[in-house]
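J.: Here's the letter readout for the chains.
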Amino acid sequence: MSGAAPAVGVARPRVEGPAKVTGRARYAADVPMADLAFGIVVVSTVTRGRIRDIDVAAVQDMPGVLGVIDHRNAPRLNPDAGHFFGPDGGLQLLQDDVIPHAGRPVALVVAETLEQARAAAEALPVTYEVLPHDTDFSADHPAGRAAMALFDGPVDVGDVDRELAASAVVVRERYFTPEEHCSAMEPHSATAWWEGERLQAVDSNQGPFFIATVVATLFSLPLEQVRIRTEHVGGGFGSKGLCGPQLVLAVMGAMHFARPVRVTLSRNQVFLTTAMRPAIEQMVRIGADDDGRLRAIHHEAAFELSPLAEYIEGCTELTKTLYATPALRTRLTAVPLDILPPYSMRGPGAAPGSFALECAMDEVAERLGIDPLELRLRNEPTVGPASGLPFSTRNLVACLREGARRFGWASRDHRPRMRREGPLLVGTGLAATSFSVGAFPSTASITAEPDGTFTVVVNATDLGTGARTALTAIAADALAVGAEKVRLRISDSDFGPAWSAGGSRGTTSWAWAITEAAAKLRSSGDQGTVTVDTAQLLNDLPSRERHSYSAVFAEVTVDPATGEVRVRRLLGMFAVGRVVNPLMARSQVIGGMIGGLSMALHEEGVRDPVSGRHINADFAGYHISAHADVPDIEADFVPDYEPGIPMGIKGAGEIGNVGTPAAIANAVWHATGSRQRALPIRPDRVIEEHPLQ
Amino acid sequence: MREFAYQRVTQVREALTLVAENDGSRYLAGGTNLVDLMKCGVEAPTRLVDVRSLPLGGVREGADGGLVIGATTTNSDVAAHPEVRRRFPALSQAVLAGASGQLRNMATVGGNLLQRTRCAYFADPSQACNKRVPGTGCSAVDGAHHNHAVFGWSRHCVATHPSDMAVALAAFDAVVHYETLDGGGEIPLSEFYPPVGDTPQQETVLPSGALITAVSLPKAALSPWSRYRKVRDRASYAFANVSIAADLGVHDGVVRDVRIALGGVASQPWRARSAEAFLRGGPASFGTVPGGG
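Going down the list, the sequences are from chains A and B.
Number 589 in the UniProt record's numbering belongs to position 589 of the first sequence; there are no gaps in the numbering.
Number 74 in the UniProt record's numbering belongs to position 74 of the second sequence; there are no gaps in the numbering.
These are computed hints drawn from the structure, not numbers from a lab.
We put the beta carbon where it would ideally sit given N, CA and C, even for glycine.
Treat the hints with care, since some could be wrong.
[Stated by the list, open to error] Computed spacing ranges between beta-carbons, pair by pair:
id	chain 1	residue 1	chain 2	residue 2	range
1	B	G58	A	A25	40 to 46 Å
2	B	S190	A	L36	54 to 60 Å
3	A	A143	B	V133	49 to 55 Å
Given these sequences and hints, build the entire structure.
T.: Written out as structure tokens, the structure reads:
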């Protein structure tokens, strides 16, 4: 580096931190706008049926009301529009009278003020023809069929049945996780308007370029005519990876009323209309020899989805990575039900998949009388168990050994129900984790400014994770200048194609484009503007098993008289490649571990068994771990480096969520002697009839 | 939320008059429950009479040597009051086990007693609910039952009373004092919430238009060793699966005084009088408890 000290690897606070804590940072619903009208969404109160009537005349003359958009007057949408899994019927709002799920938007009421719009929306009479619905998920539901195989497709290695028959122990168990909701603090909001021929929108999403392509297709507009911006985002957790109903309806409003229209979802509507994790049932069979060597893993997962859109909850992906086994079988089953289309949420696939696999591994250790840590160490693979490909790097053992050392695992009595403190039972547990990493094609431009600074333009999105700060450091090092010389511009679809903030691939994808652009600019003598696209470079990357790894350790207390589980300690050791910013990376993985704790003990979307509707669709009813639930958490990183990706980085976005639920469930078993195979681990699932005996 | 008038009052009589003259009027204290219910369409008052400026705040010594807690005293102030903590610690603990610090700073003692159930079906105007609209039926009876009543419920309603504070007040034989335009009165807390029966919409026996002015705790209930224990789905900011306010007086190994009230199990704080009678006069040991080890 010529002169400037490296910025990557240095702990720095967020560059936009002062703006956020002083309120200067504008979120989508805060952007001032002249002549703004407000739209309030009206959602279906029935789970399946048809709209019989929407009595617009009843609200048309209410104060400030500009009008109502419903299926009779809404702009026609292109049914081909979709997301990563193909056409998405979830986007086809206000196109017909069909109600495919509870909470489906049926009208947008637009008025001069937010209050007027809300008053009219509440007063709008909507009547329905109610049809029978089915929201009862189970793995053996007759509608179940093989999931789409775009990724995490079925794998058959070796002869699972023969290996299981030859095993000294076989564990065969089922695991259940409920519907869970992303629950970002910032509700989804969009403001749309026309500027001449161009549709403009400020929206809360995880990738404005991708969202712009969806909007262009949906409204049959050339992409050049659509501009979406996403300056600050208050969390997404997956729910803002899609083109949300707020944006579709705001655009309809701007078209219909020819003025700017803002649509902000209520908290209840965020639950009812934006993506959730589906309910999942998993079956795991593991066979092992006396010495703990695995002979077979059979992992099947069934998840619910909507007939409106394909989706893959890739629960068996990490099963193809984590352990050496001569026989491996995986299957994914999709069960279509009358529900909101589910989508990726906080470690999709891996978080629930790891819960099943790592709890089953703990049962194998119990049956064999082997230390659960030792069981994992004995099954380290040399190549990908399903792919046969070499690992680019694999630092799971380092995570396990260092985590065990810091946690004090060596002194653990592995027998259950041996530690008691007054009325409480105490236990510890662990889980190992991998999370697929990589990069997707992105573009970036860098301009060498006359004053010696550099303007870096990349279509990144900062969900609050610190992406701006990380990319500034990466650009500074790539340009061999101080971070103060870098001006970063992000989150505007006009900046060109780039991967969204999702799949734990944002930083790697954007950083790749930035480093390529910087190299090109430097080789041209730091003159003018260069623009790069990494598509070809990514194609040239040799196939390898590329993953982040972690080991999570948990200590819990259980009151057997009340069923209350409290997590007393959490420790996570992570191998996430080179750490760009230790301060923010630690925040990210700690946040993920809290998400995992929340998944383990609290989060559960509850449906009314009669109406099929969510009955806890707000933060009073849908419990996320509160501060008092969050214990002392230690998170740290082992040295790691990904040779295939510039700067050696991997991705730390979601791995924190993974592993923690299994570590906690295993600790609850260690405390009580009872296995918890359904999440969340509620008091009624733990309470004992005779706790003192 | 619909439009409503708002009026702040400084005299009790002024408050009573304003509410008496308009059917749609409601008293507003902390607003921590009423305003939520207005937002979701369960409550639609035409006028809110803000009683927070009435001279009804504070905790003082009662004539019998007990405590009198003014109706507009905030939950936070009740919990922190030295005499509450010294004489009735379970009351302080119960208050602190409820809601969040921000809500406790707003919520008042009078409002706490009058808060509505948190039954999800009650809060959703598109679901049938006899408490919200009498005669429409109870969606909760055949619905999700988590945290619904186990005692004293009927086919007409299975909702629970959500208050923690009221559970401790029930254990201490608290008395509710009120004013009306025709004069004042008092109701023992044990009679304040009527049985559910077929009238779940009748949540208290307060006369129409009455304003709670204070809650008193008799000296006879003095319980310096009382405790409140709340079991809930997460460590804070959750309603009780079940909670208990209890006091036990033991002399020479014999239970002399015992008070047990349960929360989260019925449409009112549930005084466990049979259990108290069973324990009173008996030996104070684990062996006394059926099923105890």
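J.: State for each hint whether it applies.
T.: Hint check results:
1. Between G58(B) and A25(A) the beta carbons are some 42 Å apart, a value that agrees with the proposed interval 40 to 46 Å.
2. The hinted range of 54 to 60 Å is satisfied by S190(B) and L36(A), whose Cβ atoms lie roughly 55 Å apart.
3. At about 36 Å, the beta-carbon gap between A143(A) and V133(B) misses the expected band of 49 to 55 Å.
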